[in-house]
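2 protein chains.
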Amino acid sequence: MMGRQTTIKMNRERALSGSDIITAAVLVIGDEILSGRTKDQNIGTIAEHLTDIGIALREVRVVGDVEADIVAAVNALRARYTYLFTTGGIGPTHDDITADSIGAAFGVPVEVDDRAVALMKPAYEARGIALTPARLRMARVPAGAELIVNSVSAAPGFKIDNVMVLAGVPDIMKAMLFAATQQLRTGPRVNSVSIVVRSAEGEIADLFAAHQKRFPDVAMGSYPTFSEGNYRTELVLRCSDSERLEEARAGLSRLLAERELL
Amino acid sequence: MMGRQTTIKMNRERALSGSDIITAAVLVIGDEILSGRTKDQNIGTIAEHLTDIGIALREVRVVGDVEADIVAAVNALRARYTYLFTTGGIGPTHDDITADSIGAAFGVPVEVDDRAVALMKPAYEARGIALTPARLRMARVPAGAELIVNSVSAAPGFKIDNVMVLAGVPDIMKAMLFAATQQLRTGPRVNSVSIVVRSAEGEIADLFAAHQKRFPDVAMGSYPTFSEGNYRTELVLRCSDSERLEEARAGLSRLLAERELL
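Quick note, the sequences are listed as chains F and X, same order. Taking the working numbering, I'd label the letters of the first sequence as residues 863 to 1124. Taking the working numbering, I'd label the letters of the second sequence as residues 863 to 1124.
Please note: incorrect hints may appear among the correct ones.
Chain copies aren't distinguished; within one or between two, either way the pair holds.
To be verified - For lysine-lysine, the following DSS-like pairs were computed, each having C-alpha atoms within a straight-line distance of at most 30 angstroms: (1) LYS901 - LYS1075; (2) LYS1075 - LYS1036; (3) LYS983 - LYS1036; (4) LYS901 - LYS1036.
Rather than coming from a laboratory, the hints here were simulated on the basis of the structure. Source: prediction; values computed, not measured.
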C-alpha cells in the first residue's frame, strides 16, 4: 500500500514532467557567493533554460572553494539525478579547484588536454595573449571528459559522465549551458498558465486548496506580492498535459469569478 | 600526522573566521525557484548579512515544495552547522508546507500558536482583514518554537533549536532575518580588502598563487570581468586578523607594482 506522501509525490511528478522524467541538480562553487560579495545570477538562468527544454531541476547547492565539500556534493548529486551542472572555479588562478575536485570525485587524473589547447591557442594568438602555464591550467580536464565549447573566451568547460562543468562568469556560463544541453535527453515540456487576482493569498487560499484537491495531477502554486498598498497574488498552474491544464485553468477562473475575485 | 588537505582547510578556517567559528547554512524552499519563474534574491541578502555579523555561511541548498526533500535537507544541515536559515513556504496556501515539514524533521506536532494569533489579530483588524482559517495557517508553528517577529505583515517566522524559519518574500525575509540574528552567537568579523588590476587573471595567476603560499592564513580569491574590450580582475584578500591582512595586502601591492601590473 502506498502512503499519502508517496501518492502526492507521484501525482506531483506526473504534473510536472509526465511519465519520462529527466531530472537535474545544480552545484554552484565559490567562496564569493557564500560571502555575499558576488550575487549569483546563474541559478535562475539554468532553472529557466532547463524548464524550457523539459528537464526538471530538483535541487541546487552552493559550496565554497574547498575540495572535500565539492567532492561530497558532486558525488551525492550525480548519483541522485539524471544530470548535474556545476558553475564556477575553472579559471586560471590557485582558487580555481573545480577540475581537480571533479577528478577526485571520479577518481581519475586531471591533465592538460591537447584538444583544449587546440581550442585555446588560435583564440589567444588572435588576441595577442601568451598561453602561459597559468592559462594552461584552464586546459586541464579529468581523463575521459568531453569538452564543452566556450564561444565567448575559448577556454572550454567539460562533461564527464552525467556531470557538466561550466564557468562561473554569467555570459560564459550561458554560452556553455546552451552548447552542453544540445546533446542531452529531455522530457516532455511542462506547460504553465497563471491567473492574477487583486487579493491577498489569504482570500483565495481555501478555494485554491479545494481546487488543487480536484486536480491532483496539476501542480498549483500561489505567489503573493504587496506594493503601494495593493495586494496581488499570481496563481500558477503547471502540467505536461496541456488539455488537462486548460481544464484546471478554466475551472479555477470560474470559481474566482463566482466569488467576485477576478 | 595531518594530511595536506586538512592543513589547507584549517588555515582557511583560521583566515576566514578566527578560532571561534560560527557556521551557518541556508535552505531555500520553493518550486518557483527551481522552475526559474522566480529569481532568488534572498541568498545574497543572507550571505552579506551573515558575513557582516561574523557568521560564516558554508552551504546553501534549494529544494522544491516536497516534504520528504525538505525534511532530509533540514536534518542534514542543522546537524552540520551552528545555524540553519530557511526561506519560503510559510504563507497561507496549500503549497506552503514548511511549518509542517520542520515539525516532521523535529518529530513534534504543529499547531496554531496563541502568541502568533496575538501578534496577527491587531494587525489584521487594523487593516480590516478577517482572520480566516486559511490565514490562521500562518499562526501554526512546531511545538517548542519561539516566534520571529515580522514587522512588515505581522504573520511571524519561528526559531526551533538552531533553525530559523523565515518568509520567502524578500522584504519580509529581510525584516525577519534582522530580528532573528539579534539573538545569535557570532564570531570575529572577517575583514577583507581588494586590489583591482587591469589585466586578465592569466597575467597575475602565478604571482598570486605564490603570494597565497606565503600567506596561507589569508584567504585569497580572484574575480575577473571583461567588458568593452577591457580585462579587469579584482583580487580579494580576507582574514579576521586585520594586521596580518594589511601585511598581505601591502606585499601583494608591491609585487604587482614591480611587475608593472598596477
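Hint check results:
In the homo-oligomer, the alpha carbons of LYS901 and LYS1075 lie at most 30 angstroms apart only across protomers (28 angstroms), although the nearest pairing inside one protomer, at 38 angstroms, exceeds that limit. Taking the closest pair of Cα atoms, LYS1075 and LYS1036 never come within 30 angstroms of each other, the shortest separation being 39 angstroms inside a single copy and 33 angstroms across copies. Taking the closest pair of Cα atoms, LYS983 and LYS1036 come within 30 angstroms of each other only inside a single copy of the chain (22 angstroms); across copies the shortest separation is 48 angstroms, beyond that limit. Proximity of LYS901 and LYS1036 under a CA criterion of 30 angstroms is satisfied in both settings, with 16 angstroms inside one chain copy and 16 angstroms between copies.
Checked against the numbered hints above, the structure breaks only hint 2 and satisfies the rest.
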